[in-house]
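Engineer: Residues per chain are reported as follows:
There are 4 protein chains.
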Amino acid sequence: MSLYDLLFGSAECELLYSDSACLQMLLRFAAVLADVEAAAGVIPQQAADAILAKCRADLFDLAELRKQTGLAGNLAIPVVKQLTALVAAGNKEAAGFVHWGATSQDAMDTGAVAQLSVALDFYERELAHLSNTLASLAALHRSTMVVARTWMQQALPTSFGLIVAGWLDALLRDRKRLQEMRPRVLTLQFGGAVGSLAALGEKGPVVAKALAQELKLSLPAVPWHAHRDRMAEAAAFFGLSVGTLGKIARDISLYAQTEVGELAEPEAAGRGGSSTMPQKNNPVTCAVVLAAAQRVPGLVSTMLSVMPQEYQRGLGGWHAEWEVLPEIVRLSCGALHHLSEMMPRLQVNSERMKANLDASNGLIFAEAVSMDLARRIGKSAAHELVQAECKRALAEKRHLKDVLAVDEKSRPELKGMDLESLFDAKKYLGSASEFIQRVLLEHAELSGGSQNPLRTEVK
Amino acid sequence: MSLYDLLFGSAECELLYSDSACLQMLLRFAAVLADVEAAAGVIPQQAADAILAKCRADLFDLAELRKQTGLAGNLAIPVVKQLTALVAAGNKEAAGFVHWGATSQDAMDTGAVAQLSVALDFYERELAHLSNTLASLAALHRSTMVVARTWMQQALPTSFGLIVAGWLDALLRDRKRLQEMRPRVLTLQFGGAVGSLAALGEKGPVVAKALAQELKLSLPAVPWHAHRDRMAEAAAFFGLSVGTLGKIARDISLYAQTEVGELAEPEAAGRGGSSTMPQKNNPVTCAVVLAAAQRVPGLVSTMLSVMPQEYQRGLGGWHAEWEVLPEIVRLSCGALHHLSEMMPRLQVNSERMKANLDASNGLIFAEAVSMDLARRIGKSAAHELVQAECKRALAEKRHLKDVLAVDEKSRPELKGMDLESLFDAKKYLGSASEFIQRVLLEHAELSGGSQNPLRTEVK
Amino acid sequence: MSLYDLLFGSAECELLYSDSACLQMLLRFAAVLADVEAAAGVIPQQAADAILAKCRADLFDLAELRKQTGLAGNLAIPVVKQLTALVAAGNKEAAGFVHWGATSQDAMDTGAVAQLSVALDFYERELAHLSNTLASLAALHRSTMVVARTWMQQALPTSFGLIVAGWLDALLRDRKRLQEMRPRVLTLQFGGAVGSLAALGEKGPVVAKALAQELKLSLPAVPWHAHRDRMAEAAAFFGLSVGTLGKIARDISLYAQTEVGELAEPEAAGRGGSSTMPQKNNPVTCAVVLAAAQRVPGLVSTMLSVMPQEYQRGLGGWHAEWEVLPEIVRLSCGALHHLSEMMPRLQVNSERMKANLDASNGLIFAEAVSMDLARRIGKSAAHELVQAECKRALAEKRHLKDVLAVDEKSRPELKGMDLESLFDAKKYLGSASEFIQRVLLEHAELSGGSQNPLRTEVK
Amino acid sequence: MSLYDLLFGSAECELLYSDSACLQMLLRFAAVLADVEAAAGVIPQQAADAILAKCRADLFDLAELRKQTGLAGNLAIPVVKQLTALVAAGNKEAAGFVHWGATSQDAMDTGAVAQLSVALDFYERELAHLSNTLASLAALHRSTMVVARTWMQQALPTSFGLIVAGWLDALLRDRKRLQEMRPRVLTLQFGGAVGSLAALGEKGPVVAKALAQELKLSLPAVPWHAHRDRMAEAAAFFGLSVGTLGKIARDISLYAQTEVGELAEPEAAGRGGSSTMPQKNNPVTCAVVLAAAQRVPGLVSTMLSVMPQEYQRGLGGWHAEWEVLPEIVRLSCGALHHLSEMMPRLQVNSERMKANLDASNGLIFAEAVSMDLARRIGKSAAHELVQAECKRALAEKRHLKDVLAVDEKSRPELKGMDLESLFDAKKYLGSASEFIQRVLLEHAELSGGSQNPLRTEVK
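Protein chains in written order, with the numbering used here: chain A, 363 to 821; chain B, 363 to 821; chain C, 363 to 821; chain D, 363 to 821.
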């Protein structure tokens with residue numbers, strides 16, 4: 363728990379990774395293990411019952427766990443020790459069957475996977491929510507004209523709906539990635555000391571299968587103690603997805619600049635103010651998302667670089683994952699949550715969009731003019747001619763259309779252009795509308811029809 | 363080209379990313395674009411023919427391209443310029459239609475995707491090859507006993523086949539990831555200056571579709587200039603896969619230590635020697651693979667961290683990708699190629715494996731003894747008792763079995779254990795054989811039956 | 363606070379970065395600011411007194427701070443708000459002078475620097491402590507023979523003291539780096555809203571100077587809100603230093619392998635055990651240090667990649683630092699503390715070192731033989747000849763000396779070698795002793811004579 | 363060599379890391395080694411002479427080296443082999459003394475350090491050049507008013523000279539870092555097979571000292587084969603410095619936005635154009651520098667994460683450095699060179715700066731008003747009151763001064779403010795001028811008086 367938990371994280375994820383939640387995940391493993399082992403005849407049913415009764419985080423001494431973890435080198439060892447003591451207090455014999463046949467890493471990896479499963483559910487819901495908002499926004503602004511910018515320079519006119527459709531399209535890919543990854547990543551870890559389940563004799567596969575079913579996790583072909591690609595894949599998924607969130611936040615922060623002013627984060631009491639400047643409305647959500655997008659990549663690289671773990675269970679590499687994966691999840695869920703919550707109230711200033719289209723004295727129509735001209739005199743010649751006209755317009759602070767209209771008289775190549783039409787932003791949108799439509803259809807398909815912004819729009 | 367290309371890379375990938383190959387990818391885009399635009403009636407057929415005739419890398423001046431690229435800020439601009447000049451020399455009018463309606467990023471991204479497509483084919487073949495080798499190895503060593511090690515300490519006996527099956531299982535996941543990723547990543551980029559294909563009027567979608575078909579790439583819903591998740595996903599895939607290769611190499615390098623000696627890289631003339639120590643057989647392949655596994659994560663983090671690109675086409679972030687993604691591909695293909703080539707000749711020293719099993723004076727059977735005992739006196743008590751016996755064995759440099767045999771007389775809990783059986787490694791393999799079998803079946807399925815090590819083995 | 367705080371961190375650093383410690387650092391800034399502003403006549407002395415009286419973390423509502431931080435986007439805004447309210451409750455007028463002329467970032471950066479200052483003190487002390495231990499160890503084992511290994515293969519004999527001297531030498535460089543960095547990094551941040559101290563009129567420099575003096579920080583030439591190299595430099599320092607700690611831990615973990623057995627972490631109750639294997643003594647300290655050495659680099663890359671912050675105070679990049687730098691400090695201090703605490707009790711098994719020297723049947727003397735021979739027949743010829751002899755020794759499982767002794771009769775080049783001397787490890791130590799001496803002298807110099815292991819040794 | 367070498371790199375650095383330059387660095391080591399060994403009586407002088415005569419890169423077969431390097435696992439082994447053969451062709455006996463007593467890593471590390479030395483010279487010169495440009499610019503624009511922006515929002519007025527002084531101040535820190543690092547990093551590597559110089563008997567120290575002198579490198583206390591902090595420190599230095607270059611480029615790219623227009627990269631033939639939009643003047647230099655600033659951090663993290671190398675010379679980690687450090691140097695030198703070359707021609711549009719100061723209808727004077735008011739009614743009350751006035755100004759699209767002038771009548775707190783003075787940007791610069799002066803003095807000191815922009819200015 364830190365003072366920044368509600369800024370960089372989300373309330374849900376903080377709860378998921380609280381000390382007692384982490385402990386409870388380990389206890390759940392111990393409880394279900396005892397249960398299925400009893401069912402398989404590996405341990406006595408009454409031992410399982412006695413164990414189950416003590417698998418409650420509130421019975422544990424967290425301060426002592428913290429201290430013992432510092433000594434033991436992992437969390438599972440002191441948890442098993444405390445659990446054993448708790449069980450022994452009531453049933454000495456049952457205590458002997460705690461954590462039977464399992465190794466620390468079985469409990470810890472399975473616990474981590476179970477937490478990941480909850481986190482992915484949350485992330486999927488928030489992705490769907492944000493997608494719905496963007497779909498509505500794209501549909502609404504299908505024909506809202508705005509300046510398109512490349513290399514941070516005004517380039518051409520485009521539609522704001524197309525920009526939003528691009529954001530949405532990227533989110534839809536994340537939703538597909540999440541679906542593909544889920545069964546591969548949400549997988550039981552259960553191999554005993556070295557991955558052979560030797561301590562369970564012939565009962566290993568039966569116990570493992572029941573354990574997976576009970577915990578609603580996939581059953582892997584083989585335990586994967588020192589093969590960390592599953593964990594790293596989850597990390598990489600979040601890395602990709604937070605990158606896209608960062609792209610959206612980067613855009614909003616740029617559109618929200620005082621000098622651009624086309625978008626703004628919604629004002630809210632206590633949000634976005636400065637400690638010293640009364641006029642400020644700082645884009646706090648963008649800052650949070652961009653911070654996550656800059657922090658997660660380094661954490662993903664750690665998850666990848668620790669993959670070459672030694673032998674059957676490694677030294678140091680696995681330990682490095684314990685805090686890094688939760689941190690990735692925390693930052694990703696936090697960023698998505700904040701963006702998804704802000705987006706429905708994003709302020710779109712279409713007047714300012716229009717004003718900015720006019721601000722360049724027609725220079726953003728240079729490509730339109732050039733392509734029109736190119737049909738007659740070739741692209742290079744057209745490019746050079748229009749480039750010269752642009753420089754003149756800039757130097758003389760006149761509108762490009764006016765410069766062209768005058769030069770038309772002296773330069774035969776320029777004759778016969780329909781300047782009115784060429785300088786009409788709406789006529790230079792190309793396939794924008796079709797592109798938007800395609801993305802909205804994809805979104806509708808993925809949403810199973812229940813969240814169809816197209817339908818809403820048609821009404 | 364560098365002096366290390368054949369050490370860190372593979373010959374195939376060097377060719378793929380040579381200067382002229384990079385140029386040719388851009389020219390192919392220009393050629394196919396002209397072709398499909400002619401077919402769509404956007405440009406004259408004879409212009410397309412004239413352009414196609416010049417889309418050959420050998421006609422270009424690479425030194426000049428290098429120089430102009432330094433000025434222009436990307437490779438496509440000087441390529442288009444040179445191509446235009448080449449076409450103009452024969453057909454002035456046709457020259458005006460070069461690169462019609464496209465932007466630099468269309469050519470460069472599509473070229474990069476096309477290179478990625480070739481690289482993924484290569485990578486997939488090599489993954490299949492390495493999988494086949496490992497499947498045979500796992501089947502062969504199903505019952506070869508070896509020490510399992512955790513935290514870099516001897517732990518229990520296991521089977522070498524199980525270890526290899528773990529390696530194979532991870533590779534199979536990479537093969538599946540590659541299949542899932544392929545259509546999403548291998549996608550056309552074609553949006554014109556700002557992603558609307560404005561310069562093509564209404565012909566945008568038709569041209570784009572034909573272009574994708576001709577280039578054998580997916581057609582995206584919308585151009586993705588500033589949405590880099592596809593490129594980053596490819597990077598992350600390689601990051602995950604090289605991590606697994608690194609895990610395998612880490613293991614081999616540990617097994618190949620003089621003091622362990624259970625595996626060795628094959629000797630070959632000019633390979634693995636030292637410049638000063640005549641006795642050395644250095645594991646060069648492991649070094650190469652481990653170097654890749656330590657370099658790729660940082661590069662992946664770059665690909666992720668540049669994702670938040672500005673507006674419709676970004677500044678700096680996109681530029682950062684140009685050399686980073688090829689470097690990831692080069693290192694990954696190189697690592698896989700070297701490992702895949704070495705593995706069929708990996709030296710397995712099963713005698714040494716056996717000797718190492720015996721080296722601990724029975725300590726690696728401590729868990730077997732403890733679990734047996736635990737059935738009667740509970741796990742904690744058994745654990746503590748056996749721990750004490752282990753310390754005694756260690757201090758007195760005697761075999762644990764002997765220590766136990768003596769103590770059996772004085773300690774009633776120890777009575778009745780079948781020490782012979784408990785100290786028989788073969789009897790403490792648990793589910794190893796079933797796990798191996800499962801992985802081999804998965805491999806056989808994925809390989810479509812054509813490469814079935816199980817069948818070979820049955821004969 | 364997390365369950366892993368005492369494993370990955372150290373008690374001191376946890377305290378330093380606790381919620382209330384973070385709050386107190388901000389309050390200290392507010393208090394000293396008021397104080398020096400009063401002295402400079404910027405605000406009334408009684409206002410300063412009233413403010414000072416409330417700058418106590420225990421007066422604040424941490425839960426509310428957490429909540430408001432989530433809204434406000436940084437910690438300073440709600441702290442200033444709560445502080446203002448606390449002051450206002452007693453002295454309405456004084457409340458108007460809280461945080462006078464400062465911006466959030468002034469308080470937060472200066473607070474972070476002050477925390478860093480404490481952390482560097484701790485780190486320096488622990489570096490000195492570890493250096494002293496290593497100096498004694500190097501002196502003690504100046505002549506303890508051990509196998510030197512390269513590429514993870516046995517290479518030549520060396521002295522264990524030389525190995526330790528190498529570790530120490532690297533630590534001494536870190537101590538020098540720390541000294542050089544200190545005044546540059548431990549610098550006041552005080553610039554007001556945009557770095558001009560405009561709100562203080564002409565009193566800016568006077569207030570800033572007094573503030574720096576009072577806080578025992580350097581006074582920078584100019585505020586550095588958006589220039590983050592100081593913070594990144596601290597991060598990079600820890601990255602370098604943890605890399606060296608990781609090198610030492612890597613070595614110890616390798617020497618501690620069951621098959622090598624030359625070093626071991628000390629046994630301690632509750633430390634290094636396994637949850638299932640009674641015989642295990644896992645090197646927990648190595649795991650902790652190696653985990654840090656794998657986590658810090660990714661965090662450093664984040665600190666570097668956020669450096670290009672926008673304009674006068676950036677968006678997202680600065681936010682990314684808030685948790686990353688403390689995490690780097692926590693992991694580094696934790697790793698150093700654990701290593702420094704374990705090292706005095708490191709178990710050195712010189713018997714096993716000796717045994718391993720003998721384990722290769724003389725192969726580690728191959729270079730000695732080869733160089734001796736080279737003086738007569740040239741290096742290449744000698745290298746090839748000895749290589750062949752090594753292969754023979756290996757194949758026939760005979761001692762290289764014996765093989766050479768036999769072949770001496772048939773191969774004239776081999777005649778006249780003093781085999782006894784060539785196969786005496788002590789005679790093949792080259793400059794080891796001088797190198798050790800040099801490092802010990804450097805250590806003694808840096809330690810100002812107070813901690814001189816040489817002197818101790820001489821007695 | 364790649365098509366992007368002149369875009370991302372600089373001509374000097376490309377030459378430094380060309381294949382033949384890399385080879386020549388190894389040959390220089392071989393030559394100087396032979397020379398000093400002859401002088402020390404370790405090898406015959408005529409052998410040294412014969413070796414020296416062949417240490418010329420143009421005598422070597424690069425294609426063969428490339429091929430053999432792929433086999434041997436490093437570059438030094440085949441170089442030594444070819445050199446030996448070349449020497450043997452003329453003097454068989456001398457050939458036996460090539461690379462006497464050294465190991466591959468001695469040659470390769472020393473070669474890498476020597477290349478680094480040249481690169482640092484270049485970098486230092488370019489830093490000095492850029493510093494001089496910035497010093498002049500800061501002096502020139504000491505009083506040029508410009509909007510200061512925080513969180514990408516207009517904040518207060520400031521002086522452009524102060525902004526440039528901030529850039530300069532950061533560069534001066536890099537220059538100091540470089541000076542401090544130089545002797546520690548530019549250090550000889552010479553330890554023989556395992557760091558003891560065993561093969562040289564007692565002559566090790568003498569040879570090493572002469573070698574260091576001849577190569578103009580520091581002599582380390584002890585060889586540092588597996589201690590990589592020196593290399594990593596160089597990497598981290600570049601990481602810090604490129605971060606600052608990225609900060610400057612980030613700023614310029616923001617100031618160069620069409621909507622801001624306060625700075626622009628100079629136009630040049632063939633630079634900054636678009637392949638399709640004639641009006642574009644893209645900031646190519648910013649793109650190059652920002653790309654470097656996003657690529658180097660990941661590479662630095664690799665250099666840090668490979669530090670824990672195994673035993674006396676590691677496996678994989680060292681190999682990972684070979685291409686990574688040169689890539690860091692290439693990108694850093696390229697970025698600095700491009701920025702340093704562009705900066706003297708940076709276009710400063712002070713008219714536009716003035717216009718943007720006026721664009722907010724007085725909102726950027728909100729803090730000035732608020733602080734003035736605060737002196738009477740306290741900071742919180744003032745803040746809230748002015749915030750309300752700002753909102754009104756914004757909503758009613760009126761100038762804040764006018765809104766205040768009207769409200770003054772109804773709100774007693776507002777009475778008596780000197781609105782003219784409060785809304786005069788020049789009067790709200792605080793300590794800007796003094797800050798600029800301090801930085802210019804620091805620069806003058808570091809430049810030894812020869813490059814003193816202050817003096818120029820005074821004239």
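Everything labelled a hint here was simulated from the structure, so no lab data went into it. Treat the hints with caution; some may be incorrect.
Because identical chains share one entry, a pair is satisfied inside a single copy or across any pair of copies.
What the hints assert, rightly or not - Below are the SDA-like pairs computed for lysine to any residue, each with C-alpha atoms no more than 25 Å apart in a straight line:
no.	residue 1	residue 2
1	716	401
2	429	761
3	565	381
4	443	737
5	753	504
6	789	418
7	538	804
8	565	785
9	716	425
10	789	402
11	443	775
12	753	717
13	759	626
14	565	803
15	429	380
16	571	717
17	771	809
18	716	506
Computed from a prediction, not measured in an experiment: that's the story for all the values here.
Engineer: Evaluate each hint against the coordinates.
Structural biologist: Hints, one by one, checked against the model:
In this assembly of identical chains, the alpha carbons of residue 716 and residue 401 never lie at most 25 Å apart, being 70 Å within a copy and 37 Å across copies at closest. Proximity of residue 429 and residue 761 under a CA criterion of 25 Å is satisfied in neither setting, with 73 Å inside one chain copy and 35 Å between copies. Neither within a single protomer nor between protomers do residue 565 and residue 381 lie at most 25 Å apart by alpha-carbon distance, with minima of 33 Å and 49 Å respectively. When the C-alpha separation of residue 443 and residue 737 is checked against a cutoff of 25 Å, the pair qualifies only between copies, where the shortest distance is 18 Å, while the shortest distance within a copy is 81 Å.
Taking CA atoms no more than 25 Å apart as the test, residue 753 paired with residue 504 passes in neither setting, with 33 Å inside one copy and 31 Å between copies. With identical chains, the CA atoms of residue 789 and residue 418 are never at most 25 Å apart, being 67 Å at best within one copy and 37 Å at best between copies. In this assembly of identical chains, residue 538 and residue 804 lie within 25 Å of each other by CA distance both inside one copy and across copies; the values are 11 Å within and 24 Å between. When the C-alpha separation of residue 565 and residue 785 is checked against a cutoff of 25 Å, the pair qualifies only between copies, where the shortest distance is 20 Å, while the shortest distance within a copy is 77 Å.
Taking the shortest alpha-carbon separations for residue 716 and residue 425, neither the intra-copy value of 61 Å nor the inter-copy value of 45 Å comes in at or below 25 Å. Within a single copy, residue 789 and residue 402 get their C-alpha atoms only as close as 72 Å, which misses the 25 Å cut-off; across copies the closest is 21 Å, which meets it. For the identical chains of this complex, residue 443 and residue 775 are inter-copy neighbours only, at 22 Å across copies versus 88 Å inside a copy, given an alpha-carbon limit of 25 Å. Within a single copy, residue 753 and residue 717 get their C-alpha atoms as close as 22 Å, and across copies as close as 21 Å, so both meet the 25 Å cut-off.
For the identical chains of this complex, residue 759 and residue 626 are inter-copy neighbours only, at 17 Å across copies versus 30 Å inside a copy, given an alpha-carbon limit of 25 Å. For a Cα distance limit of 25 Å, the shortest separation of residue 565 from residue 803 across copies, 21 Å, qualifies, whereas the shortest one inside one copy, 50 Å, does not. When the C-alpha separation of residue 429 and residue 380 is checked against a cutoff of 25 Å, the pair qualifies both within a copy, at 17 Å, and between copies, at 17 Å. Proximity of residue 571 and residue 717 under a CA criterion of 25 Å is satisfied in neither setting, with 64 Å inside one chain copy and 35 Å between copies.
With identical chains, the CA atoms of residue 771 and residue 809 are never at most 25 Å apart, being 57 Å at best within one copy and 58 Å at best between copies. When the C-alpha separation of residue 716 and residue 506 is checked against a cutoff of 25 Å, the pair qualifies only within one copy, where the shortest distance is 9 Å, while the shortest distance between copies is 31 Å.
Consistency note: the structure conflicts with the earlier hints numbered 1, 2, 3, 5, 6, 9, 16 and 17.
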